Amino acid sequence: MSDCENTNYIGKSVQRVDAFEKATGKAKYFEDYQIQYRDLLHVKVLRSPHAHAKIISIDVSAAEALPGVITVVKGSDTDIPWSDLPYASAYYGNPARYEVIWAGQAVVAVAAESIEIAEEALELVKVEYEMLPYVTDQRLAMGVDAIPVTSPELEIAAGYGGPQPEGPNVMGSYKLRHGDVDKAFEEADVIVEEEYQAGKKSTSQIECNGSIVEYQQDGGVKIITNGCGVHGVIKNHILTMYPQLTSSKVRVIQPVTGGSFGNRLFPLVEPLAVLMALRTKRTVSYVLTRKEMYTSSPSNWPVYTKLKLGAKKDGTIIAEKLELVEDAGAQIRGYFDGRLSSSGLMCVYNIPNVHCDSYAVSTNTVPCAPYRGLGCAESEWAMENLLDVLAEKLDMDPLEIRLKNMIKNGETNAYGEKVTSIGLGKCLKAVADGIKIDEPCQQDDGPWKYGKGIAAAGKQNTPLGRAEADCLVHSDGSIEILVSCDEQGMGVQSALRQMAATEFKIDIARVKMTRADTAITPFDNFGASSRTTYTTGNAVIIACQDAIDQLKEAAGREVGLAKKQITIKDGKAYIVGSNTEVIDIADLFKPFDFFTQQTWGLLKGTPVRGRGVFCPAPAVPWFGPGHEDGRTPRMWNWYQFSAFGAEVAVNEETGQIKILKLMSTADSGNPINPKLVEGQIDGGVIMALGFSIMDHHMYQDGKMMNPNMSDYRLPTTLETPLQKNFMRAILPDPLPDGPFNAKGMAESIMIPVGPAIASAIYQAIGVRPTEMPMTAESILKLIKDKEANNAK
Amino acid sequence: MQNKSNFIKVDCEVNGKPVSLHVSPDQTVVDVLRNELGLTGTKKGCDDGNCGACTILLDGKAAKSCSMLIGQVRNKKITTIEGVSNGEILHPMQQAFIDTFAIQCGFCTPGMILSGIAILNENPDADEEEIREGLHGNLCRCTGYVKIVEAVEIARDRMNAGGAKNEI
Ligand code: FES
Ligand code: FES
Chain A
1 MSDCENTNYI
11 GKSVQRVDAF
21 EKATGKAKYF
31 EDYQIQYRDL
41 LHVKVLRSPH
51 AHAKIISIDV
61 SAAEALPGVI
71 TVVKGSDTDI
81 PWSDLPYASA
91 YYGNPARYEV
101 IWAGQAVVAV
111 AAESIEIAEE
121 ALELVKVEYE
131 MLPYVTDQRL
141 AMGVDAIPVT
151 SPELEIAAGY
161 GGPQPEGPNV
171 MGSYKLRHGD
181 VDKAFEEADV
191 IVEEEYQAGK
201 KSTSQIECNG
211 SIVEYQQDGG
221 VKIITNGCGV
231 HGVIKNHILT
241 MYPQLTSSKV
251 RVIQPVTGGS
261 FGNRLFPLVE
271 PLAVLMALRT
281 KRTVSYVLTR
291 KEMYTSSPSN
301 WPVYTKLKLG
311 AKKDGTIIAE
321 KLELVEDAGA
331 QIRGYFDGRL
341 SSSGLMCVYN
351 IPNVHCDSYA
361 VSTNTVPCAP
371 YRGLGCAESE
381 WAMENLLDVL
391 AEKLDMDPLE
401 IRLKNMIKNG
411 ETNAYGEKVT
421 SIGLGKCLKA
431 VADGIKIDEP
441 CQQDDGPWKY
451 GKGIAAAGKQ
461 NTPLGRAEAD
471 CLVHSDGSIE
481 ILVSCDEQGM
491 GVQSALRQMA
501 ATEFKIDIAR
511 VKMTRADTAI
521 TPFDNFGASS
531 RTTYTTGNAV
541 IIACQDAIDQ
551 LKEAAGREVG
561 LAKKQITIKD
571 GKAYIVGSNT
581 EVIDIADLFK
591 PFDFFTQQTW
601 GLLKGTPVRG
611 RGVFCPAPAV
621 PWFGPGHEDG
631 RTPRMWNWYQ
641 FSAFGAEVAV
651 NEETGQIKIL
661 KLMSTADSGN
671 PINPKLVEGQ
681 IDGGVIMALG
691 FSIMDHHMYQ
701 DGKMMNPNMS
711 DYRLPTTLET
721 PLQKNFMRAI
731 LPDPLPDGPF
741 NAKGMAESIM
751 IPVGPAIASA
761 IYQAIGVRPT
771 EMPMTAESIL
781 KLIKDKEANN
791 AK
Chain B
1 MQNKSNFIKV
11 DCEVNGKPVS
21 LHVSPDQTVV
31 DVLRNELGLT
41 GTKKGCDDGN
51 CGACTILLDG
61 KAAKSCSMLI
71 GQVRNKKITT
81 IEGVSNGEIL
91 HPMQQAFIDT
101 FAIQCGFCTP
111 GMILSGIAIL
121 NENPDADEEE
131 IREGLHGNLC
141 RCTGYVKIVE
151 AVEIARDRMN
161 AGGAKNEI
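Residue numbers (full-length UniProt numbering), protein chains in the order written: chain A, 1 to 792; chain B, 1 to 168.
Simulated from the structure, these hints should not be mistaken for lab results.
Among the hints, a few may not be true.
Pair by pair, the computed Cβ-Cβ distance ranges are [said to hold, decoys possible]:
1. E400/A / I89/B: 24 to 32 Å
2. L722/A / E88/B: 30 to 38 Å
3. S5/B / R609/A: 19 to 27 Å
4. G68/A / I89/B: 42 to 50 Å
5. D476/A / I89/B: 46 to 54 Å
6. D59/A / G87/B: 52 to 60 Å
7. G162/B / E581/A: 41 to 49 Å
8. C615/A / I89/B: 41 to 49 Å
9. D476/A / E88/B: 17 to 25 Å
10. K4/B / I147/A: 47 to 55 Å
According to the in silico footprint, chain B covers these stretches of chain A (three or more CB under 8 Å from chain B) [what the hints assert, rightly or not]:
11. 22-31
12. 281-295
What you are looking at is a predicted structure, and each value in this text was computed from that prediction instead of being measured.
Where a beta carbon is used, it is the ideal one built from N, C-alpha and C, also for glycine.
Work out the full structure: start from the sequences and follow the hints.
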């Protein structure tokens with residue numbers, strides 16, 4: 001029995017729809033489908049050992065001759081439909097053609113009857129390289145005299161050459177001018193300035209990237225993959241790359257997947273696996289090893305930020321000047337221009353005069369792509385740290401300066417875009433209270449020193465295209481929602497199911513989810529920028545309303561009432577405003593009858609289909625006439641916010657950091673399922689804890705030195721505070737246009753963690769880190785430098 | 001294609017049933033479980049023995065099945081995630097993972113559940129720090145471990161309060 005009250009599932013922690021199958025080992029991930037194919041081929045890839053080299057020759061004859069090898073692919077093969085694309089952001093999984101531009105780039109690929117044979121074949125491949133100079137440090141990659149990441153010939157061959165006045169490796173730039181910054185700095189009472197760097201890291205989801213591609217008898221392919229965006233990304237890219245494949249010949253299925261965090265937003269393994277399937281006319285499987293996950297699947301983009309702030313005596317910040325450089329890694333063409341990271345420096349505080357020069361440069365390191373937070377954890381690292389410096393100079397506390405300058409609901413930010421939802425003030429106050437920022441830490445004589453810090457964060461949501469949903473009402477009265485959104489573990493299909501049950505006012509057990517198969521589920525773009533709850537959620541609501549509308553009409557016709565006199569709840573039609581049941585939904589579906597021939601009405605076995613299409617309003621261009629200042633009234637969409645506070649211990653002798661207590665708060669909009677939101681908070685905090693103090697790529701001689709899970713140090717249960725010291729709260733500000741006023745939240749959680757820890761370190765030992773991660777070695781160096789300075 | 005002349009015979013028990021394997025000696029336990037026995041609940045997340053996704057129980061103790069050759073399980077009792085529940089009746093550890101939302105992407109879950117069971121097999125009263133110590137070889141990138149640790153504690157309390165006994 002259910003009534004409206006208990007069929008309102010919004011804000012309730014309903015059990016995840018996939019929990020049972022995951023707890024019992026029944027959930028099928030793409031690799032679990034391998035055993036269905038007895039004739040499976042395996043793909044293995046030979047990768048460049050050099051950061052930058054010209055490919056002089058490749059001899060694959062011995063590999064091809066090895067029994068069990070079916071085909072060998074190299075970049076110069078004439079049947080490869082891409083000549084220039086291995087060097088562009090979306091395609092860099094394919095073998096290089098003229099030149100390798102990072103250590104780990106694919107050079108030769110083999111498909112063989114077994115993994116062992118494929119690996120043996122790779123050992124037989126001979127590649128002759130001519131070494132070229134390389135640059136792996138983004139600061140050295142800037143400027144007109146920098147070592148070029150790619151040779152000019154390659155760029156011309158790739159079609160992207162041309163004069164680059166800002167330096168050979170500059171990929172793009174974004175500039176914004178708001179107000180009069182020079183004048184504002186003149187009027188400022190206090191000015192602070194510092195340079196910050198955030199390092200290179202890998203999302204390190206536990207399931208490695210991979211696909212199985214089944215060759216179809218009509219010449220098409222069925223792709224089972226853990227890549228993101230079955231329609232919007234994978235299918236689209238495959239169709240572009242292989243003109244012989246037309247829309248009906250590509251089917252993409254995303255089964256249960258083991259995390260992504262941004263890493264799988266571009267097709268990395270699918271294009272090569274498809275090529276192998278087309279060549280061999282067989283089913284192939286291509287799975288990256290963990291080492292390949294580090295050396296060939298994308299990292300975040302490291303960010304260098306030079307930031308200057310000017311404030312009045314009362315703490316009002318009136319001027320901001322930033323120079324920001326995104327390191328895009330090894331690629332020639334991409335979407336990088338610094339705009340994504342610099343957004344973090346313009347969405348939290350309301351500063352009337354802003355001067356932003358941001359760039360992207362390439363380096364000879366593994367190509368970069370989104371990593372939870374889209375570069376804002378890297379850029380806001382600068383803002384939050386410098387705010388503490390400013391607060392100290394003004395003799396203000398870190399909470400006060402943030403609250404004073406925080407952007408308010410309804411105000412416009414530096415872009416000229418209106419903020420429609422922000423709950424950051426209460427988030428910040430809660431963390432300050434939670435860790436008792438006003439109570440100083442007790443110190444003792446040991447090497448461990450103690451401190452506390454807080455920080456705030458915001459992250460824009462990019463309007464990334466439409467989402468569609470279908471809602472089936474089956475003739476047994478149950479509901480099925482068809483969507484193509486990614487489910488990387490965040491639980492979004494569970495949240496969407498709650499929305500659908502609430503719309504239908506029906507017991508949630510009667511709502512089923514079918515997801516991510518291009519042959520049966522409608523279009524969606526991809527699970528990026530925390531957009532799924534918002535975009536796909538709105539599409540689901542529209543689809544439900546469409547289906548409900550059809551049911552009302554059918555019920556009205558059946559009982560002689562107007563559609564608007566009917567309401568649907570609990571699988572039944574009622575007269576509006578009463579408890580008078582007129583018909584059970586299941587009874588609207590009539591069995592076939594010889595004398596009516598089912599000429600009208602609903603037929604048993606044929607569900608009612610509601611359609612939902614939701615398109616977020618597009619961004620308005622920030623370039624071209626009228627936008628010379630880089631501003632636009634709609635740069636992004638909505639903003640998510642979070643705050644973080646930590647109490648840490650720092651060992652003065654070793655530089656080691658321990659997190660003793662932490663609190664994270666999230667403005668998630670109205671949360672659909674609080675436990676799912678908590679899970680995102682917990683996971684985000686610990687992921688950020690890792691990249692703030694532990695994990696990062698280390699390079700030596702142009703190569704990543706730690707491409708495995710022991711040297712690339714990720715947080716375990718031992719680095720994580722005990723439960724009683726791990727506090728969190730959801731403090732929403734409803735988003736007017738969000739589904740049930742919800743918005744996405746999984747990214748902003750990450751952002752304030754590093755700066756809050758840095759602030760606590762300063763309180764503990766009086767040094768201000770400017771580089772992230774704050775490894776023990778780097779903190780120890782700061783301590784030594786300080787001692788040396790004091791001695792002078 | 002495969003040369004079977006060097007294959008070895010391995011008798012063991014998998015999820016309560018005797019199994020007689022005829023396999024190449026260089027096969028790892030995880031590959032045999034997944035590819036020969038179709039027990040795909042055991043996951044593979046790395047090739048260096050560091051992620052813990054492949055954790056199984058070997059005579060009741062947690063073991064990383066990617067780091068063992070098949071010959072090492074001769075005459076031993078293996079439990080995989082498929083053998084943890086009793087038909088439709090979930091093990092208290094599985095139920096606790098579901099109840100506490102300790103599962104997100106689920107890729108680490110089978111290994112986490114088995115490590116959790118192994119911890120309580122050894123010490124039914126394990127406290128939070130002991131649980132953390134016991135789970136530290138299992139990486140999770142989604143949950144921050146908070147709800148996972150909570151799940152093991154809840155399973156411990158329920159089992160100690162006389163819930164289904166742990167007999168694995
Ligand atoms: S698969 Fe990673 S430890 Fe076994
Ligand atoms: S739930 Fe995704 S790795 Fe643990």
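Hint check results:
| no. | hint | in the structure |
| --- | --- | --- |
| 1 | E400/A / I89/B: 24 to 32 Å | violated, 56 Å |
| 2 | L722/A / E88/B: 30 to 38 Å | holds, 35 Å |
| 3 | S5/B / R609/A: 19 to 27 Å | violated, 59 Å |
| 4 | G68/A / I89/B: 42 to 50 Å | holds, 46 Å |
| 5 | D476/A / I89/B: 46 to 54 Å | violated, 28 Å |
| 6 | D59/A / G87/B: 52 to 60 Å | holds, 58 Å |
| 7 | G162/B / E581/A: 41 to 49 Å | holds, 45 Å |
| 8 | C615/A / I89/B: 41 to 49 Å | holds, 47 Å |
| 9 | D476/A / E88/B: 17 to 25 Å | holds, 23 Å |
| 10 | K4/B / I147/A: 47 to 55 Å | holds, 54 Å |
| 11 | 22-31 | holds (count 9) |
| 12 | 281-295 | holds (count 3) |
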